[in-house]
Amino acid sequence: MHFLFYNVPARREVFTNLTRSSCFPLSFCGHRWVENVPVAERAIKVWPMLQKFVDAAEDKRVQKPSTASYDAILAARGDPLVIAKLEFFLAIARSFNPFLQRYQTDEPVLPFLVKDLTELLMSLLRRFIKRELLQDQTPLQLTKMDISEEKNWVSLKSLDIGLGAESAIKALLGKPGNKIGELSVLNFRRECLQCLVKVVKKLQDKCPLKFPVNEQGPEWCITQMKNLVQTFIQGKQLAGGIAAGDVIIQQFTSFLSVESREEEFVSFQPLSQRLDVFLHSKLCTSHPDLLKFCQSVLLLSHGQATVERGFSVNKEVETCNLLDESLEALRLICDKVIGCGGILKVPLTKELLASAASARSHYRLYLENERKKKESATQELKRKAAEKELEDLRNQRRVLRVVCDSLEVDADKFAEIAEGKTGTKMAELITKSNSLRRRHKDKKAELLQVDKMIEEKATQLRHL
1 MHFLFYNVPA
11 RREVFTNLTR
21 SSCFPLSFCG
31 HRWVENVPVA
41 ERAIKVWPML
51 QKFVDAAEDK
61 RVQKPSTASY
71 DAILAARGDP
81 LVIAKLEFFL
91 AIARSFNPFL
101 QRYQTDEPVL
111 PFLVKDLTEL
121 LMSLLRRFIK
131 RELLQDQTPL
141 QLTKMDISEE
151 KNWVSLKSLD
161 IGLGAESAIK
171 ALLGKPGNKI
181 GELSVLNFRR
191 ECLQCLVKVV
201 KKLQDKCPLK
211 FPVNEQGPEW
221 CITQMKNLVQ
231 TFIQGKQLAG
241 GIAAGDVIIQ
251 QFTSFLSVES
261 REEEFVSFQP
271 LSQRLDVFLH
281 SKLCTSHPDL
291 LKFCQSVLLL
301 SHGQATVERG
311 FSVNKEVETC
321 NLLDESLEAL
331 RLICDKVIGC
341 GGILKVPLTK
351 ELLASAASAR
361 SHYRLYLENE
371 RKKKESATQE
381 LKRKAAEKEL
391 EDLRNQRRVL
401 RVVCDSLEVD
411 ADKFAEIAEG
421 KTGTKMAELI
431 TKSNSLRRRH
441 KDKKAELLQV
451 DKMIEEKATQ
461 LRHL
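Just so we're aligned: 431 in UniProt numbering is position 431 of the sequence shown, and the numbers increase by one with no gaps anywhere.
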């Protein structure tokens, strides 16, 4: 639909004059569900006007487009269920929309992925799977459910294809002289069912709900925390040793069993408040040892990621008007100092002392290299501009030569014709011939001037 009127102002004007509507189809993107909901809504809205335009084109009241997009619309016009199909697509797209919009964000919402993905999968399964088979199913069981078995499906008449598609079918069946029957509707429902099976099958294959980690409860979390603390103790990375580890495990167990059941946790909205900020506010007062340990663990896996914004050292080395090379060098220096344990613990090697002594000369050499690079870039730009100007002058000379030759030929032609004429006709032809010769003389002078400019520009280019 979109490409029928895309970059065709004349066709858009004809459509507007014919339908009295300036509403046009939107562009469809096959891999962006979020953007395609308004596309399908617009398609349903403009479909009656498109039918009117196609009718006018077929009746030759307007020019018939000879494009593949018009042929596709012409074929779709012969399908009475096209609106029902669009409504079904909208119903499925609207099921995905909230999930996709929620997880296209910089906020740390990954801990809520299992719950939201389970709800999305369940909402799709309810459309065509019998309700008794969905009772008390875990996320892992939902991913392993055999949806290709027909015995698990509801009947075609009970299939949930969306209110819009149901309304479109009822309107078609109740319309006088309708061209569809119950068999066509059942075939449409069967196609919708097959579409749902493919969508859910793809979701089952790709979604992370099938991983065992999603099925674990608080006891599993406590076990993993104990293993993590033991790893830190064995690596001598936990200040306080075993005593500190016992305190961390005790605080973690208390946090899971007591505080996580508070009303604030139940009503938490990840898009209105960052999860890391919320957890920090809960841990900093009553569980300081657990908070410090979690910060250390997160730094191991995420480094300078956004979830540890309080630990980033980028702001400490950033200043105004700092080049990329300087920023990278400062960051490397900071990392080295931190790795050595502080500024006073950095070893003063011979290489470091020699580099510090020759720092000024290195800086001057760098400035000289940068100046040469800048001059070279400027010279290259001048050369390209001169080459472009020279090419334009040569094209102009080529055109002037063609014009001069044409004027000379036409002037000679009129002069030859005038020799065989007498009176007024001869005078008129001679006047035309003389006029062309004057124009030829002017163009010849202009051509000589262009030749001179080309020679000057070529000489200038050779010295660049």
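It is possible that some hints are incorrect.
Unchecked claim - Label-pair ranges, simulated between beta-carbon atoms: (1) 379 <-> 327: 45 to 55 angstroms; (2) 327 <-> 223: 36 to 46 angstroms; (3) 58 <-> 213: 58 to 68 angstroms; (4) 275 <-> 208: 13 to 23 angstroms.
Claimed, not checked - Calculated pairs, DSSO-like style, for lysine-lysine (alpha carbon to alpha carbon, straight line, at most 30 angstroms): (5) 144 <-> 45; (6) 157 <-> 175; (7) 85 <-> 226; (8) 144 <-> 179; (9) 201 <-> 175; (10) 198 <-> 210.
The hints are simulated quantities; they were obtained by calculation from the structure and are not laboratory data. Computed from a predicted structure; not experimentally measured. Beta carbons: idealized from backbone N, C-alpha and C, even for Gly.
How the hints compare with the structure:
At about 29 angstroms, the CB distance of residue 379 to residue 327 disagrees with the hint of 45 to 55 angstroms. Under the hint 36 to 46 angstroms, the C-beta atoms of residue 327 and residue 223, about 43 angstroms apart, fit the expected range. With their beta carbons about 60 angstroms apart, residue 58 and residue 213 fall inside the hinted range of 58 to 68 angstroms. Roughly 18 angstroms separates the CB atoms of residue 275 and residue 208, a value that falls within the hinted 13 to 23 angstroms.
Restraint check: the Cα-Cα separation between residue 144 and residue 45 comes to about 40 angstroms, which exceeds 30 angstroms; the hinted pair is violated. Straight-line distance between C-alpha atoms of residue 157 and residue 175 comes to about 20 angstroms, which keeps the hinted pair within the 30 angstroms bound. Between residue 85 and residue 226 the CA atoms are separated by roughly 54 angstroms; this puts the pair beyond 30 angstroms, and the hint is violated. About 42 angstroms separates the Cα atoms of residue 144 and residue 179, which puts this hinted pair outside 30 angstroms; it is violated.
Our distance criterion of 30 angstroms between C-alpha atoms is broken by residue 201 and residue 175, whose separation comes to about 37 angstroms. Proximity of residue 198 to residue 210 is assessed by CA-CA distance (about 18 angstroms); at most 30 angstroms being required, the pair is judged to hold.
In summary, the numbered hints that this structure violates are 1, 5, 7, 8, 9.
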